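Colleague: Sequence:
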Amino acid sequence: MELGLFNIVFSIFGGLALFLYAIKQLSNSLKKSASSILYRMINKLTDNPIKGMIAAYQKVSTPKTI
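Numbering (our numbering), first residue to last: 679 to 744.
Hints were generated in silico from the structure; no laboratory data involved.
Just so you know, not all the hints are guaranteed correct.
Stated by the list, open to error - Restraint ranges, calculated between C-beta atoms of paired labels, are given here: (1) Y735 x S689: 52 to 60 Å; (2) K709 x A733: 17 to 25 Å; (3) N685 x L708: 43 to 51 Å; (4) F688 x I732: 30 to 38 Å; (5) L708 x K737: 17 to 25 Å; (6) I715 x T740: 18 to 26 Å; (7) S713 x A733: 14 to 22 Å.
To be verified - Straight-line Cα separation of at most 25 Å, DSS-like style, residue types lysine-lysine; simulated pairs: (8) K722 x K710; (9) K709 x K737; (10) K722 x K709.
Computed from a prediction, not measured in an experiment: that's the story for all the values here.
Idealized CB from N, CA, C, for every residue including glycine.
The whole structure should be built from the sequences, with the hints applied where relevant.
Modeller: Quick look at the structure:
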């Protein structure tokens, strides 16, 4: 009985550790890929002052309903 309980507990904690590791790896890879995309998008939206003012106005005038 002891060995069965040990196997169950070990399997649960091992699975949880593997799941958390996978989530951390996924989070890191998404941060790396999204950061370059966001940088290019912001750079394109604000490459001249007029575009920057329009983007800022749209951000401020958007209703904040979530």
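Colleague: Could you run down the list of hints and mark each one as holding or not?
Modeller: Hint check results:
| no. | hint | in the structure |
| --- | --- | --- |
| 1 | Y735 x S689: 52 to 60 Å | holds, 56 Å |
| 2 | K709 x A733: 17 to 25 Å | holds, 23 Å |
| 3 | N685 x L708: 43 to 51 Å | violated, 34 Å |
| 4 | F688 x I732: 30 to 38 Å | violated, 58 Å |
| 5 | L708 x K737: 17 to 25 Å | holds, 23 Å |
| 6 | I715 x T740: 18 to 26 Å | holds, 21 Å |
| 7 | S713 x A733: 14 to 22 Å | holds, 19 Å |
| 8 | K722 x K710 | holds, 19 Å |
| 9 | K709 x K737 | holds, 23 Å |
| 10 | K722 x K709 | holds, 20 Å |
Taken one by one, the earlier hints fail for this structure at numbers 3, 4, listed in ascending order.
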